[in-house]
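Asks: Taken in order, these protein sequences are the chains called A and B. In terms of the working numbering, the first sequence has 310 at position 297, counting the first letter as 1, and numbering is strictly consecutive. In terms of the working numbering, the second sequence has 165 at position 152, counting the first letter as 1, and numbering is strictly consecutive.
No wet-lab data here; the hints were simulated from the structure. Note that beta-carbon positions come from the ideal geometry of N, C-alpha and C, so glycine has one too. Certain hints may be false.
[To be verified] Keeping only pairs whose Cα atoms sit at most 25 Å apart, straight-line, the calculated PhoX-like set for lysine-lysine is:
no., chain 1, residue 1, chain 2, residue 2
1, B, K292, B, K247
2, B, K18, B, K206
3, A, K174, A, K18
4, A, K104, B, K349
5, B, K247, B, K18
6, B, K104, A, K174
7, B, K247, B, K324
8, A, K247, A, K206
9, B, K324, A, K104
10, A, K324, A, K247
11, A, K292, A, K104
12, B, K174, A, K174
[As the list claims (entries may be wrong)] Quick list of the computed label-pair ranges, beta carbon to beta carbon:
no., chain 1, residue 1, chain 2, residue 2, range
13, A, N113, B, F59, 35 to 43 Å
14, A, G106, B, F59, 46 to 54 Å
15, B, N15, A, E188, 51 to 59 Å
16, B, G108, A, E54, 30 to 38 Å
17, A, G291, B, F59, 39 to 47 Å
18, B, N338, A, A210, 55 to 63 Å
19, A, D98, B, G108, 28 to 36 Å
There are 2 protein chains.
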Amino acid sequence: MNTPKNDLFLRALRGETVSRPPVWMMRQAGRYLPEFIALREQYDFFTRCQTPELASEITVQPIRRYGMDAAILFSDILVVPQAMDIEVEMKPGVGPWLPNPVRTAADVARVGVPDVEDRLGYVMEAIRMTLDKLDGAVPLIGFAGAPWTIFCYTVQGQGSKNFDQAKALCFTDPEAAHALLQKITDTTIAYLKAKVAAGVHAVQLFDSWGGMLSPGDYREFSWQYLQQIVDALKDLAPVIAFAKGCWFALEEMAGSGAAALGVDWTVSPQEARRLSGGKITLQGNFDPSRLLSPPQTIRAMVHEMIRGFGKDRYIANLGHGILPNIPLEHAGAFIKAVQEYEG
Amino acid sequence: MNTPKNDLFLRALRGETVSRPPVWMMRQAGRYLPEFIALREQYDFFTRCQTPELASEITVQPIRRYGMDAAILFSDILVVPQAMDIEVEMKPGVGPWLPNPVRTAADVARVGVPDVEDRLGYVMEAIRMTLDKLDGAVPLIGFAGAPWTIFCYTVQGQGSKNFDQAKALCFTDPEAAHALLQKITDTTIAYLKAKVAAGVHAVQLFDSWGGMLSPGDYREFSWQYLQQIVDALKDLAPVIAFAKGCWFALEEMAGSGAAALGVDWTVSPQEARRLSGGKITLQGNFDPSRLLSPPQTIRAMVHEMIRGFGKDRYIANLGHGILPNIPLEHAGAFIKAVQEYEG
Numbered sequence: 014m015n016t017p018k019n020d021l022f023l024r025a026l027r028g029e030t031v032s033r034p035p036v037w038m039m040r041q042a043g044r045y046l047p048e049f050i051a052l053r054e055q056y057d058f059f060t061r062c063q064t065p066e067l068a069s070e071i072t073v074q075p076i077r078r079y080g081m082d083a084a085i086l087f088s089d090i091l092v093v094p095q096a097m098d099i100e101v102e103m104k105p106g107v108g109p110w111l112p113n114p115v116r117t118a119a120d121v122a123r124v125g126v127p128d129v130e131d132r133l134g135y136v137m138e139a140i141r142m143t144l145d146k147l148d149g150a151v152p153l154i155g156f157a158g159a160p161w162t163i164f165c166y167t168v169q170g171q172g173s174k175n176f177d178q179a180k181a182l183c184f185t186d187p188e189a190a191h192a193l194l195q196k197i198t199d200t201t202i203a204y205l206k207a208k209v210a211a212g213v214h215a216v217q218l219f220d221s222w223g224g225m226l227s228p229g230d231y232r233e234f235s236w237q238y239l240q241q242i243v244d245a246l247k248d249l250a251p252v253i254a255f256a257k258g259c260w261f262a263l264e265e266m267a268g269s270g271a272a273a274l275g276v277d278w279t280v281s282p283q284e285a286r287r288l289s290g291g292k293i294t295l296q297g298n299f300d301p302s303r304l305l306s307p308p309q310t311i312r313a314m315v316h317e318m319i320r321g322f323g324k325d326r327y328i329a330n331l332g333h334g335i336l337p338n339i340p341l342e343h344a345g346a347f348i349k350a351v352q353e354y355e356g
Numbered sequence: 014m015n016t017p018k019n020d021l022f023l024r025a026l027r028g029e030t031v032s033r034p035p036v037w038m039m040r041q042a043g044r045y046l047p048e049f050i051a052l053r054e055q056y057d058f059f060t061r062c063q064t065p066e067l068a069s070e071i072t073v074q075p076i077r078r079y080g081m082d083a084a085i086l087f088s089d090i091l092v093v094p095q096a097m098d099i100e101v102e103m104k105p106g107v108g109p110w111l112p113n114p115v116r117t118a119a120d121v122a123r124v125g126v127p128d129v130e131d132r133l134g135y136v137m138e139a140i141r142m143t144l145d146k147l148d149g150a151v152p153l154i155g156f157a158g159a160p161w162t163i164f165c166y167t168v169q170g171q172g173s174k175n176f177d178q179a180k181a182l183c184f185t186d187p188e189a190a191h192a193l194l195q196k197i198t199d200t201t202i203a204y205l206k207a208k209v210a211a212g213v214h215a216v217q218l219f220d221s222w223g224g225m226l227s228p229g230d231y232r233e234f235s236w237q238y239l240q241q242i243v244d245a246l247k248d249l250a251p252v253i254a255f256a257k258g259c260w261f262a263l264e265e266m267a268g269s270g271a272a273a274l275g276v277d278w279t280v281s282p283q284e285a286r287r288l289s290g291g292k293i294t295l296q297g298n299f300d301p302s303r304l305l306s307p308p309q310t311i312r313a314m315v316h317e318m319i320r321g322f323g324k325d326r327y328i329a330n331l332g333h334g335i336l337p338n339i340p341l342e343h344a345g346a347f348i349k350a351v352q353e354y355e356g
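Given the sequences, and given the hints that come with them, work out the whole structure.
Replies: Below you can see the structure in the form of structure tokens.
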């Protein structure tokens with residue numbers, strides 16, 4: 014794998030001293046960009062994911078506009094259950110919609126672990142096209158959902174405030190729940206290995222819903238599967254583990270072999286350092302809604318955030334995905350505030 | 014005020030040594046009870062809240078069935094904005110619906126602080142009728158929403174995953190946001206003082222949405238208003254402050270003058286003790302979804318929870334409201350496991 018010209022992001026992942034922290038934004042290839050909306054008006058959600066020319070174009074859009082220090086492949090965490098023959102639709106105004114949720118041990122038994130090159134080959138093709146378009150400028154991140162988060166959608170069948178159906182399966186039939194989590198994990202490991210083989214420089218795991226579990230249940234139903242993925246990937250590429258709402262697990266996650274941990278904005282930078290033991294690279298944690306503040310406020314808050322984390326072993330980012338209603342100038346102010354940071 | 018025959022709950026709030034912890038469940042007067050559903054089929058939501066005979070009957074239903082150590086007056090946090098002339102509907106399947114959300118400084122200027130005896134007198138009447146029905150058996154808790162949580166609904170107009178509109182008002186027009194928060198706070202203080210005068214033995218503040226804010230924004234937009242309420246009430250009745258998802262604020266809240274702090278299940282009992290300094294009474298924190306586990310599992314987990322918190326300065330409870338789909342026997346197993354606890 015060639016080192017990109019801008020290797021700040023990879024150096025931060027290795028814990029090297031840097032002149033300033035690297036910066037990117039979760040969902041940076043997203044609905045706040047007019048060039049993204051223009052494509053969205055022509056192609057539906059999964060067409061954009063499954064057409065390498067479109068996915069690669071969407072991936073590089075924010076880099077062209079703002080010059081972040083890393084690109085992240087445009088895709089969706091739910092392409093994994095799709096590849097497992099679990100039907101997934103994206104309903105406008107509703108979000109993910111799975112017409113046949115997996116609810117029972119019998120349902121779980123019918124779920125298979127697919128050949129990822131066969132079912133997700135379009136993602137690998139999108140990676141190769143994106144690398145061509147980036148032409149070595151910045152590194153490319155590949156991602157996957159945490160098995161627990163995929164499980165939540167697969168069992169619940171849609172987004173939810175508390176994913177009560179998903180939790181009900183765990184607490185009434187833990188054996189079936191673990192069988193499904195293992196199948197998702199096996200698929201995800203094969204999927205991420207293929208992404209690394211196709212050329213991504215790092216992978217990020219998104220556990221959006223881990224924070225709905227108690228620490229003990231998180232260990233049992235989420236973390237042990239994330240650990241399997243980290244174990245399988247860490248010698249192939251740096252792994253960033255982001256578990257929203259899981260401040261309570263930062264200590265355990267810091268010892269997992271992951272290169273970096275993502276943190277959300279409910280943890281102060283100082284507390285995140287303390288909870289994670291002070292040695293691992295951290296990524297985050299600007300409140301996405303705070304990008305509604307005036308640009309000069311954003312700038313001051315970003316600099317305070319960097320001082321809080323320290324400029325080394327740190328990747329500046331939001332604490333979750335950028336919101337669709339953020340003005341372009343505000344997103345730019347966030348990126349620029351990091352790029353102009355001087356100790 | 015007379016001391017109830019069962020004063021375990023009040024003794025735990027005072028930090029006295031008890032033979033076993035007291036127990037009640039958030040939303041214990043709720044949809045898992047067939048006797049509640051029978052009334053719900055006859056009367057709509059706000060009729061139940063506003064009719065003292067119905068509200069008092071619903072309040073004592075769970076006490077009759079399970080003998081918890083405290084009753085909590087059946088009502089809703091949104092009766093406060095209603096009293097402020099902000100229209101609130103309860104849409105079946107949707108939840109709270111405010112047809113005219115407060116979105117601008119001009120909207121905020123039109124909001125008034127009402128005479129609570131005039132607008133919420135029905136609540137005081139429900140308290141008096143409930144005390145009659147309880148006949149001194151157990152204490153009665155009154156509650157209110159935290160100003161921040163009321164603000165979230167008032168600005169957003171409905172439930173939301175991230176209350177982006179409410180946060181947008183804070184971050185684009187903080188002056189208007191603070192003006193509205195202060196009006197809600199003033200109303201809430203008058204409301205809770207009237208409740209105490211009507212005879213409730215303790216009050217609980219619910220901050221359901223504080224956990225969507227960063228620690229700094231929580232202090233600015235939520236905590237300072239909760240502190241005003243605690244200051245105004247603490248010499249009249251013990252105050253329990255429950256801020257879901259706000260583990261990061263437990264230290265500050267422990268020094269507020271509140272008699273107890275509620276905690277949710279994402280904080281282990283040991284970590285909750287550590288974060289809150291080890292001296293204040295804590296309340297919680299069983300995952301409501303865990304009541305789907307078999308009764309023998311519930312029993313073992315409850316005993317582990319009590320050992321984790323310690324039996325003193327502790328009130329056993331869920332970490333949020335009981336879910337509608339919990340079997341009666343499982344709710345009973347939770348209550349009984351606490352009542353039979355022996356060091």
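Asks: Can the restraint linking K292(B) and K247(B) be considered satisfied, given a maximum Cα separation of 25 Å?
Replies: holds (17 Å)
Asks: Can the restraint linking K247(B) and K18(B) be considered satisfied, given a maximum Cα separation of 25 Å?
Replies: holds (23 Å)
Asks: Take a quick look at whether K104(A) and K349(B) sit within 25 Å of each other, Cα to Cα.
Replies: violated (44 Å)
Asks: Given the hint of 55 to 63 Å, is the C-beta distance from N338(B) to A210(A) inside that range or not?
Replies: violated (45 Å)
Asks: Given the hint that K174(A) pairs with K18(A), test it: the Cα-Cα distance must not exceed 25 Å.
Replies: Measuring from Cα to Cα gives roughly 43 Å; hence the hint is violated.
Asks: Is it true that N15(B) and E188(A) lie within 51 to 59 Å of each other by Cβ?
Replies: holds (52 Å)
Asks: Is K174(B) within 25 Å of K174(A), Cα to Cα?
Replies: Satisfied, since the Cα-Cα distance of roughly 7 Å is no more than 25 Å.
Asks: Is it true that the C-beta distance of D98(A) to G108(B) lies inside 28 to 36 Å, as the hint says?
Replies: holds (34 Å)
Asks: Need the status of pair K292(A), K104(A): alpha-carbon distance at most 25 Å?
Replies: violated (42 Å)
Asks: Could you see if the CB distance from G106(A) to F59(B) stays within 46 to 54 Å?
Replies: violated (28 Å)
Asks: Within 25 Å, alpha carbon to alpha carbon, are K324(A) and K247(A)?
Replies: At roughly 24 Å apart (the allowed maximum being 25 Å), K247(A) and K324(A) satisfy the hint.
Asks: Below or equal to 25 Å on CA atoms is what counts here, so check K18(B) against K206(B).
Replies: Distance ~24 Å between K18(B) and K206(B) Cα, so the pair holds.
Going through the hint list in order, the structure does not satisfy hints 3, 4, 9, 11, 14, 17, 18.
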